[in-house]
Amino acid sequence: MFEDRVVSSQEKWSVEVHAMDAEELLVNFLNEQILLLEVQDLVVSDIDEIVIEQVGTSQSPLGHQFHLRSIMLGSRLSQANIQPEIQIKAATFHEIQVAPTYAQVTFDV
Amino acid sequence: MPIGEQDTLRGVIFVGTDLQLVPGQRCHWIMGKQDGMKVDGIVFATEEIIQDLIGTKALWQVKNVAYLPGILKASLAMPDIHEGYGFPIGGVAATDLEEGVISPGGIGYDINCGVRLMVSNLSKPDVERHMDKLVEALFASIPSGLGKTGAIRLSKSDLSEVLTQGAKWAVTNGYGWAEDLEYSEDQGCMAGADPRNVSERAFSRGAAGLGTLGSGNHFIEVSYVERIFDEEAAEAFGLFENQVVFWVHSGSRGFGHQVCTDYLNIMRRAVSKYGISLPDRQLDCAPTMSDEGKQYFSAMAAGANYAWANRQILAHYVREATARTLGKSAEELNMHLLYDVAHNIGKIEEHEINEKKKKVLVHRKGATRAFGPSHPDIPVKYSKVGQPVLIPGDMGRASYVLKGTETAMEFSFGSACHGAGRALSRTQAKKAITVDELHKDLELSGVIVRSATVKGLVEEAPLAYKDVDVVVEATACAGLADRVARLRPMGVIKG
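Quick note, the sequences are listed as chains A and B, same order. When you line the first sequence up against our numbering, it's residues 1 to 109, in that order. When you line the second sequence up against our numbering, it's residues 1 to 495, in that order.
Among the hints, erroneous ones may be present.
[Unchecked claim] Result set (SDA-like, lysine to any residue): computed pairs, CA atoms no more than 20 Å apart in a straight line: (1) Lys356/B - Glu410/B; (2) Lys57/B - Thr106/A; (3) Lys273/B - Leu62/A; (4) Lys156/B - Phe203/B; (5) Lys273/B - Thr57/A; (6) Lys57/B - Phe93/A.
No lab work stands behind these hints: they were computed from the structure. As the structure is a computational prediction, the values presented were derived from the model and not from experiment.
All chains, please: the whole structure from these sequences, using the hints.
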């Protein structure tokens with residue numbers, strides 16, 4: 001998204017998402033970053049901490065089986081003096097793959 | 001038969017080892033019901049278009065859509081079909097209102113992405129010598145590109161008014177003319193919008209996006225009418241040869257994307273709750289009359305209204321910039337709205353099913369409503385000839401104005417193609433042409449282009465799209481819409 005430009009880690013914020021499966025967890029997590037960039041101008045440089053837990057079963061209320069909590073590092077785009085090369089509008093389920101050491105996701109641009 | 005080969009005796013094309021397209025009437029290809037399909041698939045296309053789709057997922061997606069509960073007649077694909085997320089782009093699916101489902105994937109992320117066309121009393125020679133200045137003025141006036149926010153900042157209560165009033169909100173607030181509303185699908189406002197079913201996330205993404213073009217395939221274009229095919233319809237639409245016209249192509253921006261994202265999660269739970277089985281999770285849906293279905297419909301309608309307000313405001317900016325550049329008011333330049341159509345939308349419409357009129361939910365994903373003559377939902381001025389169907393092509397070649405037909409009502413729930421359709425992915429396009437080559441090509445074609453980003457421009461290069469002449473010919477051949485005018489680009493602002 002930002003090619004080779006380096007984003008500094010001036011800001012720290014937390015993100016929490018729920019999901020009913022691993023694919024949804026990944027998509028929700030990425031969509032949260034897209035929202036934060038668009039609305040709060042926050043662009044990620046690094047993930048300081050990430051914890052994924054199984055919190056329920058398929059019978060749980062709202063279908064939430066997984067919970068992700070992360071501490072994100074980055075900058076406000078307006079302070080970072082960089083411009084995105086492309087605008088990502090959504091993370092999608094198109095051809096999504098999530099494996100223990102590998103994931104593939106398609107973004108809508 | 002090998003995949004992609006045609007059985008010369010029966011004309012059958014083998015899409016896969018167990019998937020065939022059988023020729024029906026002219027430019028109609030039938031995919032027989034099989035496996036979990038509840039209806040046939042029908043692809044409206046020429047053989048050439050079908051052959052280009054072999055090896056992509058698009059035709060398989062036509063099959064998958066046919067699994068939707070309550071789908072009526074057939075899973076349909078317009079001639080500009082290409083691979084989408086779950087649904088093909090160029091896909092149309094009508095579902096029974098009482099017993100069928102509503103699927104956000106059948107409407108898309110950019111809810112009511114659509115196009116409007118404004119006419120003028122200017123002819124090509126009047127404007128040619130001002131084109132550099134006009135393109136610069138349009139580029140300066142219209143916030144476009146990555147993450148651009150506009151001059152309009154809305155409180156939550158103001159935004160709620162936009163979501164329920166659509167283009168009328170814009171006109172009431174000084175963006176455009178009262179008559180514009182008459183010349184828009186649904187008068188620029190879809191009934192049933194309920195901001196209470198829209199998330200805070202969507203509100204936050206919508207607060208600063210109104211009056212912005214966005215990126216991707218969105219554009220403002222100055223074109224001229226190169227050729228008239230149908231004098232009667234052209235006269236009704238106010239078109240004449242060499243006339244300068246103005247396109248606006250945009251949608252519901254981040255707001256619509258967030259509505260779609262939110263409801264995909266809700267629909268994932270709904271398919272489990274209602275025991276719906278589908279071949280692709282991107283088709284996730286809920287019964288239209290369920291709580292989830294009604295809530296999504298009302299949020300989708302809110303997204304549609306956001307988009308209509310957005311295009312109304314953008315059109316106002318186009319009028320202002322043109323008037324400033326040419327030294328005459330937009331009224332003096334006769335910059336009337338010809339029409340505004342949605343490309344990504346779900347509509348409750350009345351159609352004939354088994355010889356009886358029935359209310360159905362029509363999903364149009366990259367497809368244009370194309371109602372025929374005398375339909376009560378089109379402006380009186382166009383009633384005799386049919387609804388204007390606006391087909392933007394690509395920035396280097398051509399675009400079309402078509403008219404809706406009676407046969408489209410019969411074959412495609414009154415739907416036609418929405419553009420040329422992509423031939424190359426964005427990544428393939430970037431590999432196929434450099435920005436310098438593109439600028440040279442466009443210069444040779446006499447088209448002036450300004451873009452917020454170099455990458456955005458290359459991704460939208462003419463070679464990334466199918467030839468719109470071929471797509472429109474197939475649309476007419478299939479009986480979905482008839483040609484009225486062919487337009488050529490003069491200047492383009494890309495998001």
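Starting from the hint list further up, note which numbers the structure goes against and sort them upward.
none
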